[in-house]
Structure formats: structure tokens, C-alpha cells
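First to last, the protein sequences are chains W and F. Going by our numbering, the first sequence opens with residue 1, and the numbers climb by one from there. Going by our numbering, the second sequence opens with residue 1001, and the numbers climb by one from there.
Derived by calculation from the structure, the hints in this document are not laboratory data. A hint or two may mislead.
Within a straight-line C-alpha distance of at most 27 Å, the following computed DSS-like cross-link-like pairs (lysine-lysine) qualify [said to hold, decoys possible]:
1. W:LYS180 - W:LYS26
2. W:LYS105 - W:LYS215
3. F:LYS1024 - W:LYS105
4. W:LYS270 - F:LYS1221
5. W:LYS130 - F:LYS1002
6. W:LYS15 - F:LYS1244
7. W:LYS215 - F:LYS1244
8. F:LYS1225 - W:LYS270
9. W:LYS25 - W:LYS75
10. W:LYS301 - F:LYS1225
11. W:LYS180 - W:LYS155
12. W:LYS308 - F:LYS1024
13. F:LYS1091 - F:LYS1105
14. W:LYS285 - F:LYS1016
15. W:LYS130 - F:LYS1196
16. F:LYS1225 - W:LYS215
17. W:LYS25 - W:LYS141
18. F:LYS1002 - F:LYS1144
19. W:LYS307 - F:LYS1196
20. W:LYS130 - F:LYS1091
21. W:LYS270 - F:LYS1244
22. F:LYS1002 - F:LYS1105
23. F:LYS1024 - W:LYS141
24. F:LYS1144 - W:LYS75
25. W:LYS130 - F:LYS1024
26. W:LYS307 - W:LYS202
27. F:LYS1244 - W:LYS307
28. W:LYS138 - F:LYS1225
29. W:LYS130 - F:LYS1105
30. F:LYS1009 - F:LYS1225
31. W:LYS155 - W:LYS26
32. W:LYS175 - W:LYS141
33. F:LYS1144 - W:LYS180
34. F:LYS1009 - F:LYS1144
35. F:LYS1244 - W:LYS285
36. W:LYS141 - W:LYS105
37. F:LYS1221 - F:LYS1016
38. W:LYS308 - F:LYS1244
39. W:LYS105 - W:LYS54
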Amino acid sequence: MNILVYINSSDHLAKSALEAVTYAKKIGGTITVVATGSVADATLGTLGEYGAQKVLVDRSVATEDSQQVTRLIAKAAESTGAELIIFSHDLVAKAVAPRLSVRLKAGLVSGAVDVPNASGQVKVNVFSGKAFGFVAVKSEKKIISLLPNSFQPEKTGSVCPVEAFDGAAGASAIKVVETKMPEGEIPLPEAELVVSAGRGLKGPENWGIVEDLAKALGAATACSRPVADIGWRPHHEHVGQTGVAIRPNLYIAVGISGAIQHLAGVNGSKVIVVINTDPEAPFFKAADYGVVGDAFEVLPKLTEAVKKFRSTPH
Amino acid sequence: MKILVCISKSPDTTSKIAFTDGNKQFDENGVQYIVNPYDEWYALVRGLELKETLGGNLTIITVGNAADEAIIRKALAIGADDAVRIDADPKDAYFTAIQIAEYAKSNGFDLILTGKETINYNGSQVAGMIAEAMDLPFVSLATKLDINGSTARMEQEIVGGVQVVEANLPLVVSCAKGMAEQRIPNMRGIMAARTKPLTVVAPSAVEDLTAYVEYGLPAPKSAVKMIDPNNMDELVALLHNEAKVI
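Pulled out of the complex, with its shape left as it was, chain W reads as follows (with noise of 0.2 Å):
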């Protein structure tokens, strides 16, 4: 099977870039990687050692016009007789598969989390996590959208060639007018740690305890919905099932009673751990590990454990 797989990495290969190379590779068949983004050419090269036979590249495409990415990917999955197309399912994915699910009559599946089964089907989390689903795709090609950390980035070959490839991908509609990127704060959507805290911390002026325990673990900060609502922390920061869903190897939730609601936007973490001063907080039933016990006095105390950790060799 001809597998074509599309990365978006704007300055380095993103692990999410390198999941998606290894998830084609246990498809198994040929697999061509389309690129954008400025990464260098002797870099895209090395998703040899991931499983890709070739990278072609178009430096021209804006991923912030799916108009553009979409005629891109098109014409390439045409040059390699692409049957299946695999994105990684972050903010180009989310725009441009849909698009060339419609352009190559391709059934999509989004947020993958396993290979096709037996049957071709391919599972996936439904109901905001609380469930998952396999999805059979009717039509001849097919799109599968991967949810990012569900499969490490293994290395089994070499490096591969990288081309030049002409997407003839049109001008762009959509104009980029300005970038803000916060210096110093780890991506939430990309931290495999966090710590994120809710109404318990009393206050904003408090967010100094959690923000220590971030900076010794170095994990991102999140919030709950009610803290994001009332303003003692960014939007961007609020989890849960209207706010972002994330899927952290370890997720620490100080402070926070654990409504559906919230759980539904980290149930993927792999491990939980809950600090709370109620006992009966519903968050205890769904963590791995719990701390009954005052934020106040637990947080400090972990921070200096996770000090000391982190300055003796393991």
C-alpha cells in the first residue's frame, strides 16, 4: 500500500511529526512523507530512520491556508498513488484533512489512537474520551488523523532522500497579521507534565506554589474551568471538555473536585495524580495516585521531593 504522510514542523521535526511517520510504519507499505514548514532538508531526511522511503517538500505552502496545504497534498498523494493519507490531528490537520476528505472522496477518521484493526477499522475516542469507537471507512482511499501520544516515535532504518516538490498550491487567502508567542512557557497541548490547579488555590495571588512545582517538574501550567471563567487565569490554560483536551504522560490536579466535565478533557493522561483536601472528591476515582491534604502545605513539600529527584542521577 502507498501511504502518504503529511508534517507540518515549523523549525524542528515535532514529535507529533515523528509519531505519525512511525504509526504509517506499522501500517506497513510505502511510505512518502509531504512537508512544509522550514525544517532543513538534512533533518526531514532522518523520518528516513522512522520508516519514510522519501520526503517531499514545498517551503512555499502557508499551513495557515487549508486552501493551500489541500491542493499540496492532493497533487502529492496523486504523484504517489497515495490509498491512505495520515495526518498527526493538530491545528493543520484539523483543517486541511477534513478538505481533502471532500477534494479525494477519502473517508476520514479523526483522532486515531491505534492501526486499523483486522477489519480495517480504526478506533478512536468518542464522547470527549468517556468512550471510544471503531470507525470503518466505506471508500477506496482513506484519511486517518492520529491523536498525538498515542504511539512513540521508534527508529528502525536510515536516513531517506528529501525532494523538491512543486505542490502548485495556489496563493494564499488567509493572511497571518501577527504571531504571539509567550516567551519561557511550555505549550500545553505539547507537555507530557503538567500541573494545573483550580478554585481550592483561593486565589491567583496563590498560583506561585503551582508554578514552582511546573518549574522543578518542567511541566506546563493548566487551570479549571471555573478559574479560566472568573479570570485568575488565562483561557488558553482552562482544560476540560469545553476548553483543550490534553493527553500528558502525568497530569497533577491540585485543588480541583473533578466534575465530568474537567475529566472528559484529561482522561487520556496516563497518570493522574489528585491533591485535594476533600476526601470525597469525585477526582480521587479517576487518579492513579491521591494526596489528601491542604495545597498550601502538600505543594511545597513536592516541589522540594521533586528537587531533590531531580539533583541525584537516575
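Once you have looked at the hints, place chain F on chain W.
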């Protein structure tokens, strides 16, 4: 401004999720359907705010059967001017999007808004599919949307920050948190909704490309391990040795 807001039904956010018919069907027993929160709180309310500022008309559209008219009336009560129901089971995202695109093509909308995804299928597919079927530009997961003349200015959260983009109308936008605040319909709105026009349109002949063949519930978590609040070294050791996450 002619604005079209696409709405979908979804189970209430507190619904118990269960399956029936050998795990092939969602168990609707006792489930209360609502307007999908992303469609209602962000797409519909921002659409209304734009209409109130710029003038014009806001139409809501859904693909569904007669039972879905309850959510249509709710959206009308919040302030939409009129509604269209395409009389079909929304078989998959492709089927739904092409139905909406077919209607929208012949009705000249300046702006088509959807929520960023539904809370039941989380596919984030319909808006992009509508845009492609209509050959329109598309901005996904916008957290802000303003219109100035024939130009739309939007913000999107990108990895590590925020991106401000502009595009010309007509345009398709999917809406995420930050764009507007939830509106509770008042009694006047609820009364007015009863008499607002609701057009039922026969579906176009469109095939579906995907199908959910089976569902399941995640295995229950093993019991939580409680740690002494005075022994955080133990928690760190467990996270390293047992959970292997640090």
C-alpha cells in the same frame, strides 16, 4: 451580513454514556439532547453579536429529523432569525457537510460558522468539509472573530501562542472558547421562537464515507493509591519507579 450557523445536537454534558444493541448503538435512554455547546456558546452567540452590530440576518441549519426541532427552537430563542432543517439522519460528517454545503451554495451567505467539534464525536470535520465543497477559505478553531467591511480578522491558538489572521468574506470559521459568552434565552425570546420560520428541506443524494461499527467503554481505573501528605518523597519515587512518568 448573511450569517449561517450550523448546529448539531449532542447529549447533555452530564449524560451517562452507555451503549446498546451489542455495543453498536449509543444508548439514548434517559439522555437529554442539547445544542452542541461549541455550536451554541461560541458560533451562535458570536454570530448574533456580529448581526446585532452590523445588521443582517442569522439563519441556523441542522441536519436531522423532526425530533431535533427542540434544539432548533432553543437556538431561535437565543436569537437566530430563522432556521433550516435538512430532513435526514446525519449519517457521517461527509454526508452532513455536503447537505449543508448544497443548501448554502444557493443561498449566498457571507459567513458560515460552526462549533469547533461536537462533544459526542469530537471529529472537527464538518466545517472544513463545507469549506472544501463550496471552495471557500476556512479558519479552524478561532477564538476571536471580528468583521471589518469584507474582511474577517480572527485569532487562533497555535502551539506556544496566538496567531492573528485575516481573510476575505465569504468564509467558513469553526469557533472555540474565547469567542463569546453563553446566552440564556429570555421568556420573550422563547415566545418569539415559536413563530420564527423553520424551513424543512429534502436532503440531496449523498453517500456516507464512514460508519461507527462498534463502541466501548474504557476499562475502569484500578483503585487510587493514597499517599501520606507528609511523604512526598514516596510520591516522587512511585512516579519514577512504578508509573515511569518522571
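Below or equal to 27 Å on CA atoms is what counts here, so check LYS130 of chain W against LYS1091 of chain F.
Holds. LYS130 of chain W to LYS1091 of chain F sits at ~21 Å (cutoff 27 Å).
Straight-line alpha-carbon gap LYS270 of chain W to LYS1221 of chain F, limit 27 Å
Holds, at roughly 11 Å.
LYS130 of chain W and LYS1105 of chain F were given as a pair; does the straight-line alpha-carbon distance stay at or below 27 Å?
violated, 36 Å
Between LYS175 of chain W and LYS141 of chain W, does the CA-CA distance stay at or below 27 Å?
With a Cα-Cα distance of about 32 Å, the restraint between LYS175 of chain W and LYS141 of chain W is violated, given a limit of 27 Å.
Taking only the CA atoms, is the gap from LYS1024 of chain F to LYS141 of chain W under or equal to 27 Å?
Holds. LYS1024 of chain F to LYS141 of chain W sits at ~25 Å (cutoff 27 Å).
Could you grab the alpha-carbon distance between LYS307 of chain W and LYS202 of chain W and see if it respects the 27 Å cut-off?
holds, 25 Å
For the pair supplied as a hint, LYS301 of chain W and LYS1225 of chain F, is the alpha-carbon distance within the 27 Å limit?
holds, 18 Å
Given the hint that LYS1002 of chain F pairs with LYS1105 of chain F, test it: the Cα-Cα distance must not exceed 27 Å.
Distance of about 13 Å is within 27 Å: holds.
Taking 27 Å as the top limit, are the C-alpha atoms of LYS1024 of chain F and LYS105 of chain W close enough?
The given pair, whose Cα atoms are some 25 Å apart, holds under the 27 Å limit.
Agreement of LYS180 of chain W and LYS26 of chain W with the hint, judged by alpha carbon distance not exceeding 27 Å:
violated, 37 Å
Would you check the hint for LYS307 of chain W and LYS1196 of chain F, treating anything up to 27 Å between C-alpha atoms as holding?
violated, 63 Å
Would the hint linking LYS130 of chain W and LYS1196 of chain F be met if the CA-CA limit is 27 Å?
Since the Cα atoms of LYS130 of chain W and LYS1196 of chain F sit roughly 37 Å apart, the hinted pair is violated (cutoff 27 Å).
When each numbered hint is compared with the structure, violations occur for hints 1, 2, 5, 11, 12, 15, 19, 24, 28, 29, 30, 32.
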